[in-house]
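Asks: Throw the hints in and build the complete structure from the sequences for me.
Just so you know, the sequences run in chain order A and B. Quick note, my numbering runs 2 ahead of the 1-based positions in the first sequence. Quick note, my numbering runs 801 ahead of the 1-based positions in the second sequence.
Everything labelled a hint here was simulated from the structure, so no lab data went into it. Treat the hints loosely; a few may be bogus.
As the list claims (entries may be wrong) - Partial chain A-side listing against chain B, Cβ under 10 Å, derived:
#, residue
1, Gln39
2, Arg43
3, Gly44
4, Leu45
5, Leu47
6, Tyr50
7, Glu64
8, Ser68
9, Ala69
10, Phe93
11, Ala102
12, Thr103
13, Phe108
14, Gly109
What the hints assert, rightly or not - Computed cross-link-like contacts, EDC-like style, restricted to lysine to aspartate or glutamate with a CA-CA straight-line distance of at most 20 Å:
#, chain 1, residue 1, chain 2, residue 2
15, B, Lys804, A, Glu46
16, B, Lys853, A, Asp104
17, B, Lys904, A, Glu13
18, B, Lys804, A, Asp58
C-beta atoms are modelled at their ideal positions from N, C-alpha and C, and glycine is treated no differently.
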Amino acid sequence: DAGVIQSPRHEVTEMGQEVTLRCKPISGHDYLFWYRQTMMRGLELLIYFNNNVPIDDSGMPEDRFSAKMPNASFSTLKIQPSEPRDSAVYFCASSYGGPATDTQYFGPGTRLTVL
Amino acid sequence: DAKTTQPTSMDCAEGRAANLPCNHSTISGNEYVYWYRQIHSQGPQYIIHGLKNNETNEMASLIITEDRKSSTLILPHATLRDTAVYYCPSGDGGSQGNLIFGKGTKLSVKP
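Replies: In structure tokens:
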């Protein structure tokens with residue numbers, strides 16, 4: 003298996019622009035997670051899905067952030083409009099079981115820079 | 802907020818054992834103890850997990866205290882490639898059991 007795939011690996015955009023991050027989980031995994039990592043706050047869970055349904059989005063910082071999972075093999079995290087404080091590394095992870103009961107496999111991340 | 806406590810940083814000499822502690826005093830009875838690590842610029846990588854008993858795999862050993870309030874990850878013969886940030890994430894105590902990773906321990910293996 004290729005592991006969790008994320009694209010793009012790097013994204014540089016200007017404030018106010020829409021940003022879309024993409025993730026392909028490991029085939030057969032029922033859970034998909036989106037995390038954000040910054041120096042100040044470390045690794046934070048934004049949202050996770052079970053069988054394509056959002057289960058907990060309490061970590062999504064504000065309405066500018068949205069995530070979708072239209073099918074079992076694809077998810078997007080969208081920021082509209084983007085702001086400089088959104089600059090971070092965004093990771094996608096997937097697992098067979100729930101967040102605290104099964105191993106999560108992380109993708110390589112997308113490094114987002116908002117100017 | 803993170804419910805685990807880890808030292809911010811540790812050093813270890815190459816070839817020696819690295820012992821990384823984690824306090825998880827609020828862990829629930831059915832919650833696993835997980836360890837992950839993150840090598841610079843990569844996504845976090847699973848290392849090992851356990852519930853009550855000590856565990857060993859090809860990467861590391863995990864020692865869990867009898868009261869389960871703390872654990873130690875042991876890298877028996879650290880190499881330079883083990884330099885990374887090590888996390889022992891905890892459940893957030895909510896119904897969803899989300900993992901809180903916090904900032905982990907920065908392990909520097911020195912020649």
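Asks: Each hint: holds or not?
Replies: The hints, checked one at a time:
1. At its closest, the beta carbon of Gln39(A) sits 9 Å from a beta carbon of chain B; the interface hint therefore holds under the 10 Å criterion.
2. Because the closest C-beta pair between Arg43(A) and chain B is about 8 Å apart, less than 10 Å, the hint holds.
3. A distance limit of 10 Å between C-beta atoms decides the matter here; for Gly44(A) the minimum to chain B is near 4 Å, and the interface restraint holds.
4. At a threshold of 10 Å, the smallest CB-CB gap from Leu45(A) to chain B is about 4 Å, leaving the interface hint in force.
5. Annotation: Leu47(A) was flagged as interfacial toward chain B, and the flag holds, the nearest CB pair being 5 Å apart, inside 10 Å.
6. The beta carbon of Tyr50(A) is positioned within 10 Å of a beta carbon in chain B (closest approach about 7 Å), and the interface hint is therefore held.
7. Look at Glu64(A): its Cβ only gets to about 19 Å from chain B, farther than 10 Å, so that hint breaks.
8. Given hint, Ser68(A) at the interface with chain B, is violated; its Cβ is 19 Å from that chain's nearest Cβ, farther than 10 Å.
9. Proximity of Ala69(A) to chain B is violated relative to the hint, the smallest CB-CB distance being about 15 Å (cut-off 10 Å).
10. A cut of 10 Å between beta carbons decides the hint on Phe93(A): the least distance to chain B is about 5 Å, and the hint holds.
11. The beta carbon of Ala102(A) is positioned within 10 Å of a beta carbon in chain B (closest approach about 4 Å), and the interface hint is therefore held.
12. Against a cut-off of 10 Å between C-beta atoms, the interface hint on Thr103(A) holds, since the closest Cβ of chain B lies about 7 Å away.
13. Because the smallest distance between the Cβ of Phe108(A) and any Cβ of chain B comes to about 3 Å, under 10 Å, the interface hint for this residue holds.
14. Given the 10 Å rule on beta carbons, the hint for Gly109(A) holds: about 5 Å separates it from the nearest Cβ of chain B.
15. Taking the CA atoms of Lys804(B) and Glu46(A), the gap is near 13 Å; set against the 20 Å cutoff, the hint holds.
16. The straight-line distance between the Cα atoms of Lys853(B) and Asp104(A) is roughly 16 Å, inside the 20 Å bound, and the hint therefore holds.
17. With a CA separation close to 24 Å, the supplied pair Lys904(B) and Glu13(A) exceeds the 20 Å bound.
18. For the proposed pair Lys804(B) and Asp58(A), the alpha carbon gap of about 19 Å is at most 20 Å, so the pair holds.
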